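K.L.:
Residues per chain, in single letters:
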Amino acid sequence: MSAAVPGAVQWTPAPTGACAATITLAHGGGGRAMRGLIEKIILPAFDNPMLAILEDQARLSIAELSALGDRLSFTTDTYVVTPIEFPGGDIGKLAVCGTVNDLAVCGARPLYLSCALVLEEGFPLTDLERVLQSMGRAAREARVAVVTGDTKVVERGAADRIFINTAGVGVLRAGVNIAATRAQSGDAVIVNGNLGDHGIAILLARNELALAAPVQSDCQPLHDLIAAMLGVCPDIHCLRDATRGGVATVLNEFAVSSNVGIRLYEAALPLDDGVRGACEILGLDPLYLANEGKLVAIVPGSRAEGVLAAMRAHPAGRDAAIVGEVCAQPAGHVILSTAIGGDRVVDMLVGEQLPRIC
Amino acid sequence: MRYADEFRDPGKARTLVAEITRLAVPLAAALGRPLQIMEVCGGHTHTIFRYGLKAMLPEEAVEFVHGPGCPVCVLPMGRVDDCVALARDPKIIFTTFGDAMRVPGSQGSLLQARANGADVRMVYSPLDALQIARDNPEREVVFFAIGFETTMPSTALTVLQARREAIANFSLFCNHITIPATLRAILESPDLRLDGFLGPGHVSMVIGNRPYDFIAQEYRRPIAVSGFEPLDLLQSLWMVIKQIAEGRCEVENQYKRVVPESGNKQAVAAVEEVFELREFFEWRGLGSIDHSGVRMRPSFAAFDAESKFLMPNLTVADPKSCQCGEVLKGMIKPHQCRVFGSACTPENPLGALMVSSEGACAAYYQYGRLDMKAPRPAAEVQV
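These protein sequences, in sequence, are chains B and H. The opening position of the first sequence corresponds to residue 1 in the numbering used here, with each subsequent residue numbered one higher. The opening position of the second sequence corresponds to residue 1001 in the numbering used here, with each subsequent residue numbered one higher.
To be clear, the hints were calculated from the coordinates, so they are not data collected in a lab. Worth double-checking, as some hints may not be accurate.
Claimed, not checked - Computed Cβ-Cβ distance ranges for the label pairs, DEER-style: (1) B:Leu211 - H:Gly1117: 29 to 39 Å; (2) H:Glu1246 - B:Ser185: 16 to 26 Å; (3) H:Leu1127 - B:Ala309: 44 to 54 Å; (4) H:Leu1192 - B:Ala267: 38 to 48 Å; (5) H:Glu1347 - B:Ala179: 19 to 29 Å; (6) B:Lys152 - H:Ile1332: 34 to 44 Å; (7) B:Leu211 - H:Glu1347: 22 to 32 Å.
In this text the structure is predicted, and so the values were computed from the model without any measurement. Glycine included, C-beta positions come from ideal geometry on N, C-alpha and C.
Using the sequences provided together with the hints, build the complete structure.
P.N.:
Right under this line is the structure:
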């Protein structure tokens, strides 16, 4: 069953088999049960002709791709979040948005995804169906197609319910050059909305703390927002989605790669009240919390207001804010001007704030 | 956010800083050095760094000395080794607060023990550990009881609950320690340079303010029991410096909204029912301090892991290169330690002050590294 070629499809055609109520090792065995799973659950969820031919690979037209730009962008990410469903999303939506965003933050237009599933024996088929339906919905909303995939089943205990890997291909148009090395003194730091919603939503969804707050994961695709930003400012210097490690980690990477200082203003950071409250009680710093639909952009200072206006006109950037500036010193460091009037270093995260959040 | 933003008001902070500066500058000039004020509690250290308070104050006139009040940081290696030994026992589920998991012992940390297969579970309250005991009647559940007077009542009440329910598979590994005895040990130090104290508000919430009277009366140092928000700390600092300026030495209570003068009598009663003073307790970096820890009373032996299980119970010397003790006594700043940031980092803490975010070294490393212009000698690691 192992694929020698990256992206090879393991969903081999075979006589139709019935689906049991839970995943069994047979569902990964390549026989009838697997075929049944593919036909009854997987194909309907993704519903596209490239997948439906059930070949071992997707075939992408070079002519169509090169009409859209001059470079391919290609990425992969694996999703292991627990719980698999949480307010604002689930592992399926996350597996689409996360990979779409990894493509989008270089300015690429995301086009195609793969979907590789690792399922634990005993995982309910209804749960799988719900996750894949959600994944299909997210892909249609993001206008990307899931065109190839793979399914493996492992013994009970060898995985936690479901793990999903998605690889993605997008096209980058000529002239866009976004890189972590390009931040320079005078640039502005912009985020597209409230920080830390995903991290807190997951933490609360685990029900391990006697805490409740109406916090939803921000899980959303960002490529349309980014296209709108590039529309008003093709010369965006740096752009990343602030997933694990949060905004603090992304800005530290920019500061080191570009050898510049970055100053954040605590009073300008957009935060949901529920997230602020949870952070206060749990001693967490929202700058380090994970997001799944938030980007950090560094743009020339003179263009900041224009980019901000374009972002606020888009639903994914309604709460966008300028939260800081790039300065020459202290090179390689991120400094926070605290609301009360002090200064402190915002370092890279040490260890994990929370386990298995994406 | 209500009840938090009020205590972080920049305008009020500026007023307090101006007043502190007005009082402290002439005092420091007369002394020929900055006033040295110890914030006893690790929570205060965290606030000072997290809100950048140090940078708001006149460097030449006021210096914070970071005290011993981080229970995770003063835990000696031998006790961590005992935890690891307990956790390795397959019949035991070892439960602990999260920040204690990273404290290094001579045989590694609890986090490493868990990676090697020990059943170590993070809890947020001792009652969570008791629930694990109810849910796993065939296993022994040990709760790693740690902390100052602040956390003693919750562990004491949990033990009383366990006794009421006759839960036989629950016990405490008691490492609770007491603040007043430790402050006395620091005040007895021959190289003491401290001019005043910011008292730990959460400890006083339990024990009240009278246990600090000796600081003002015997050692002639002013103290203000302080809250944990930035304005609390600035106001407490102002109160202490005002006492110095006026030649007073008193125990003042800045945290009146939480701390009653006489503490919480019910909490103290629960603590006294379950715990008794130890003759001495070993502190990381500070050595053995008389009457600075508590153990469970003999009538609670059935809930005492030290009675129920065999443990190595060895004293393990701190790494020689580690200068946690000098930092804890305020003799050197964290970044002046010979292994700070080289052999000892938050990823790989050598000294306990680097482990918890409330430890002075971790706070310096994480939030304050830009101040550290003084060169350090090269690291010599002797573990």
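K.L.:
Decide, hint by hint, whether the structure agrees.
P.N.:
Hint-by-hint comparison with the structure:
1. Against the hinted window of 29 to 39 Å, the Cβ-Cβ separation of B:Leu211 and H:Gly1117 comes to about 31 Å, which satisfies the hint.
2. Between H:Glu1246 and B:Ser185 the Cβ separation comes to about 48 Å, which falls outside the hinted range of 16 to 26 Å.
3. Roughly 51 Å separates the CB atoms of H:Leu1127 and B:Ala309, a value that falls within the hinted 44 to 54 Å.
4. Restraint check, H:Leu1192 to B:Ala267: a C-beta distance of roughly 40 Å satisfies the suggested window 38 to 48 Å.
5. For the pair H:Glu1347 and B:Ala179, the beta carbons lie near 27 Å from each other, so the given range of 19 to 29 Å is met.
6. The beta-carbon spacing between B:Lys152 and H:Ile1332, approximately 56 Å, falls outside the hinted interval of 34 to 44 Å.
7. With their beta carbons about 29 Å apart, B:Leu211 and H:Glu1347 fall inside the hinted range of 22 to 32 Å.
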